[in-house]
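Q: Can you build the whole structure from these sequences, using the hints too?
Chains as they are written, first to last, in this note's numbering: chain A, 3 to 177; chain B, 670 to 780.
Source of the hints: derived by calculation from the structure; they are not laboratory data.
Quick caveat, the model's predicted, so the values are computed rather than measured.
Some clues are possibly wrong.
[To be verified] Here are the computed distance ranges between Cβ atoms for each label pair:
1) B/THR701 <-> A/ALA15: 54 to 60 Å
2) A/ILE173 <-> B/ASP727: 29 to 35 Å
3) A/PRO117 <-> B/PHE747: 39 to 45 Å
4) A/PRO159 <-> B/GLU756: 27 to 33 Å
5) A/PRO117 <-> B/LYS731: 33 to 39 Å
6) B/THR757 <-> A/ASP105: 22 to 28 Å
7) A/PRO159 <-> B/THR778: 35 to 41 Å
8) A/LYS84 <-> B/THR778: 40 to 46 Å
9) A/ILE38 <-> B/GLY720: 51 to 57 Å
10) A/SER127 <-> B/ASP727: 36 to 42 Å
11) A/HIS83 <-> B/PHE747: 40 to 46 Å
Think of the CB as a built atom: it goes at the ideal place given N, C-alpha and C, for glycine as much as any other residue.
So the chains spell out like this:
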Amino acid sequence: MEHHVSLTTLIKASLAAIVLAAIALVLFILPAEYNIDPTGVGQKLGLTLLAEAAEAAPLAPQPMPDEMTSQQVIEITVPAHKGIEYKLQMNRYDKLTYEWITDGAPLYFDLHGEPEGDTSGYFESYAIATLGAMKGSFTAPFNGSHGWYWNNPGDQPVAIQLIINGRYQIIGLKP
Amino acid sequence: MKLFLRTLLLLSLFTPAGLALAHGDHGTISETWAKQVAAKTVQQMTFKDMGHQAGKLDASWKSVQPSDIKVVTVGKEFYVLHVTNSETKQSLSIKIAFTGQVLEATENTRN
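A: Right under this line is the structure:
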């Protein structure tokens, strides 16, 4: 089935698209991205807040250390059919980079933090998965203990090597 | 005219996508950061065979210090670092891409 569109229709459609794009640019995109709001619609819709927030809190560049920073290497073993928890004491906004690998089998883990002084049992999980290795970083959202729960569902013990770098105090294995 | 409009349409469809994908790359790590990666890699290689030519390293490599790690080559898109085991006098060459990925770790033969 052939479908012919006349040249006039094409031109009209193109012009209509350009007009719509220009309206969207002025009403929504300029206020949200650049805080340019000639019509005032962006402010009424709250779009200018997005641009203001971006201007007020530019992303801090990741500092690259001039010298090698010391890394701590920890080796622990998760017994078969058991779970263990390894924690660090960190203050709010302390940053930690970490990398851990197992000697073989993947383990279920929950990287989480527990607020200092909290007795409700609340904890906040930053990552949950079943992996044989993981690398990452996080900034502590509150004062408290932060670290990993690893669970080994297998029949053999699994060794973990954890390499950490940052601001923390080791609590170690929690019973 | 139709050809012109079709070309315009195609350009409008593909150009923004190309620009959006253009910044998806990592930057280049510094020599200091490459040393940091090498130090971590050596520790991991003492724990298990990470699949590199040098295989699993013995426990003496755990005491490698920052001063034992030197950048010996800066290639087009990689660094080559030498790590010396001050206890055994053995050395490793570790090739690290500018993205931070460890490409090779080979044991240097002693002369």
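Q: Each hint: holds or not?
A: To see whether the hints hold, each was checked on the structure:
1. Our hint of 54 to 60 Å for B/THR701 and A/ALA15 holds, since their Cβ atoms are close to 57 Å apart.
2. Restraint check, A/ILE173 to B/ASP727: a C-beta distance of roughly 31 Å satisfies the suggested window 29 to 35 Å.
3. A beta carbon spacing of about 44 Å between A/PRO117 and B/PHE747 agrees with the range 39 to 45 Å that was offered as a hint.
4. As the Cβ distance of A/PRO159 to B/GLU756 is approximately 29 Å, the hint placing it in 27 to 33 Å holds.
5. At about 35 Å, the CB distance of A/PRO117 to B/LYS731 agrees with the hint of 33 to 39 Å.
6. Look at B/THR757 against A/ASP105: about 23 Å separates their beta carbons, and that is inside 22 to 28 Å.
7. A C-beta distance of roughly 37 Å is found between A/PRO159 and B/THR778, which places it inside the suggested range of 35 to 41 Å.
8. Remark: the range hint 40 to 46 Å for A/LYS84 to B/THR778 is upheld by a beta-carbon distance near 44 Å.
9. For A/ILE38 and B/GLY720, the Cβ-Cβ distance of about 53 Å falls inside the hinted range of 51 to 57 Å, so the restraint holds.
10. Distance hint check: the CB atoms of A/SER127 and B/ASP727 are about 37 Å apart, consistent with the given range 36 to 42 Å.
11. A hinted range of 40 to 46 Å holds for the C-beta pair A/HIS83 and B/PHE747, which are about 44 Å apart.
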